[in-house]
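**Student:** Each chain, written out:
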Amino acid sequence: MEHLHPISAIVLNESGVLARIAGMFARRGFNIESLAVGPTEEARYSRMTLMVRGDDRILEQVVKQLSRLIEVIKVSDLAADPHVERELALVKVHAPPAQRSEVIELAGIFRAKIVDVGRKNLIIEVSGDSGKVRALIEMLRPFGIVELARTGRIILARGKQVTAGRSRERAAGKNLTTEVIVK
Amino acid sequence: MSTQTKKPPEPAKRAGRKRNGAEALIEGLKSQGVEVLFGVTGGAIMPVYDALYRDGGLRHIVVGHEQGAAHMADGYARVTGRPGVMLATSGPGATNLVTGLATSIMDSIPVVAITGQVPTGLIGNDAFQEADVRGITMPITKHNYLLRRADEVPSALAEAFHVARSGRPGPVLIDLPKDVSNAPATAPCPRQVNLEGYKPRYEGHPQQICKALALLRNAQRPVILAGGGVILAEASAELRQLAELLRLPVVSTLMGLGNFPIDHPLSLGMPGMHGTGYAIKALYHCDLMLCVGTRLDDRITGALDEFAPWAKLIHIDVDAAEIGKNLPVAVPIVGDARPILRELVRGARGWESPPDWSAWQRQLEAWGQEYPLSYQEKSDRIMPQQVVQEIDRLWDDEAILVTGVGQHQMWAAQYYTFRRPRSWLTSGGLGTMGYGLPAAIGAKLAAPERSVICIDGDGSFLMTIQELATAVRYRLPLVVAIINNRFLGMVRQWQHLFFQDRFAETELAPPPYDQVARAFGALGRRAERPEELRPALQWALRESRAQQLPAVLDILVDPEECVYPMVPAGQPNVNFLSGPEGA
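Protein sequence lines correspond, in order, to chains A and B.
Counting from 1, one number per residue, gives the positions in the first sequence under our numbering.
Counting from 1, one number per residue, gives the positions in the second sequence under our numbering.
None of these hints come from the bench; they were simulated from the model.
Please note: incorrect hints may appear among the correct ones.
[Stated by the list, open to error] One-sided excerpt, in silico: chain A residues whose CB lies under 7 Å from chain B: (1) R20; (2) K64; (3) R68; (4) I70; (5) V72; (6) I73; (7) S130.
A quick note: this is a predicted structure, and the numbers were derived from the prediction, not measured.
Backbone N, C-alpha and C define an ideal beta-carbon position, used for all residues, glycine too.
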């Protein structure tokens with residue numbers, strides 16, 4: 001059975017790391033649906049959040065192949081753990097004066113913000129899980145979306161648990177046939 | 001000719017200046033115990049060659065083509081177990097290494113490549129002889145570096161050697177821009193390497209070893225499948241202890257040939273596409289497969305569902321990603337084969353009564369009788385298998401056998417008596433035609449006291465024939481026996497079996513290799529009739545030693561002979577064809 005898994009990886013913040021990881025995914029035929037990279041609380045690391053589609057065997061390979069890379073410090077598959085996910089979108093929507101209040105009202109329902117107002121257009125900023133972002137975009141579509149930019153998803157585990165740490169070992173031991181990988 | 005003489009070494013210190021990046025590199029190579037380098041110079045790598053010249057303490061082998069350097073370094077590493085080192089310039093020099101690096105990563109061979117790069121200010125500018133070597137080699141190296149500062153040289157070099165030889169070995173490349181080579185490098189060579197994201201596991205998990213022992217204890221029809229990882233981990237003695245202690249049959253993969261004596265009563269030979277019928281049967285019918293250092297690739301398994309349908313797998317591998325990649329595994333053990341096999345031996349010694357596997361052993365013996373390796377001799381033609389058997393008879397037990405890729409490679413794998421590790425050099429994973437001669441050169445330089453014999457094909461040999469010049473220049477007494485069928489024989493075989501004899505572009509017009517060899521300054525001789533075979537081989541062995549030169553034998557064989565047994569690609573192994581008449 002194929003699922004969409006959130007994979008979180010702590011990697012060295014060095015040039016070429018993104019190319020290496022993206023290349024590995026392409027070469028091995030793994031499917032990335034979204035990818036977000038940014039610095040972490042420690043400057044020498046970046047966090048990479050990947051949404052990967054595949055069955056258990058493929059996901060096991062994704063985690064293992066990522067772990068093999070020397071610049072990758074930690075990897076976790078968060079599918080089975082409680083986590084918070086966020087994605088951000090900027091939507092430039094056609095909103096002449098006659099429609100403007102309706103668009104603003106809609107944005108309000110989604111707790112989205114109006115971040116730019118033009119004569120005929122508004123830019124709306126919305127953040128949330130991807131379902132919410134998608135829902136707002138669908139609601140705005142009839143007004144005419146001029147252009148759209150979305151980030152990849154970012155994810156952190158809830159509670160005390162550290163997102164890319166011990167959780168990977170548990171994830172690996174829990175639903176996979178393979179022994180714990182301790183890096 | 002002018003009367004130039006080699007100047008005495010002038011290290012940086014004596015010249016009254018700081019060492020530069022290139023000198024730091026040479027210092028690092030020496031501190032890693034490197035003795036010999038293979039390469040070709042060129043614009044961007046000149047500072048390194050200059051430092052090499054001024055230092056004078058490292059042996060360098062000038063090759064005909066950088067691919068040759070890569071295979072030589074690979075051959076050197078397979079024989080010694082230490083990383084082989086290659087040098088090349090930027091752009092075409094580095095891209096010529098690509099086939100060699102890909103060969104090494106597929107077979108997990110430790111090599112370190114140093115490539116020159118255009119100066120940092122020109123990188124990305126499409127400069128003369130610029131190529132994105134870091135990008136190009138990313139998927140075919142275990143790790144690679146593009147250095148930006150001379151002070152990174154010592155640590156990158158130490159890391160490169162550590163990464164190349166530890167864990168699952170593999171190639172590491174350092175791309176060194178010319179200005180970085182020339183800039184002062186004050187950082188010392190590090191004594192230790194600590195890579196946060198790279199901690200290969202050595203010992204196996206005790207709990208997993210217990211589980212493996214329990215499975216083994218309860219098995220009815222167990223088999224060991226031992227791969228190249230056993231050789232890389234220097235675990236042949238431990239493998240033999242375990243097999244002999246429990247009387248476990250051993251199947252050695254193509255990469256694993258030599259990890260267990262092939263003439264041992266417990267050996268079942270090689271599995272897979274051209275494996276022995278009895279190895280295929282044993283793997284198919286076994287109920288427990290102890291896989292050690294093998295990645296169970298498609299040439300071993302054939303159609304996955306019917307490879308070993310009743311077997312539970314115990315899989316020992318230092319690379320966790322290989323476990324469960326192709327087949328579900330009951331007991332994964334991540335770690336080095338040597339300590340893990342040692343623990344298995346220790347555990348099995350504690351058993352009160354050894355399991356009785358005599359019925360299974362009788363069955364294996366029966367299959368051994370039923371499916372012998374065989375071929376038909378002919379009175380007027382040399383059969384390729386005969387060439388391998390004659391070499392097996394004439395060469396001593398310590399000899400190193402090297403091959404190219406194709407039919408001759410499979411015949412060598414089938415008919416040679418492999419008795420020890422690090423004596424069989426073949427491109428198993430990538431299947432690189434042209435690997436043979438340069439790898440043989442690397443092997444000879446790694447072990448000058450051992451005889452090196454390269455069995456090559458007429459197609460394969462032509463692909464790196466320029467390295468004959470290298471073997472002559474350095475007066476390397478090795479023997480190349482070309483099994484010449486005037487065809488790309490393996491493809492011809494497939495065309496014969498699966499393409500109704502439509503021999504699309506497989507017929508070759510090879511030059512007379514004996515004459516070519518002589519033109520290079522090597523020894524050359526041709527053999528065409530069966531009675532000429534043994535004298536030719538004896539001559540090559542004797543004369544190459546006497547004259548300290550490579551000897552090339554052009555041995556014309558029956559062009560229609562096919563490699564059997566054979567499993568048609570994608571089919572279950574048990575459907576193997578045992579000969580031209582079919583199953």
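**Student:** Now tell me if each hint is right for this structure.
**Tutor:** Evaluation of the provided hints:
1. R20: holds, 6 Å
2. K64: holds, 4 Å
3. R68: holds, 5 Å
4. I70: holds, 5 Å
5. V72: holds, 5 Å
6. I73: holds, 5 Å
7. S130: violated, 29 Å
Checked against the numbered hints given earlier, this structure breaks only hint 7.
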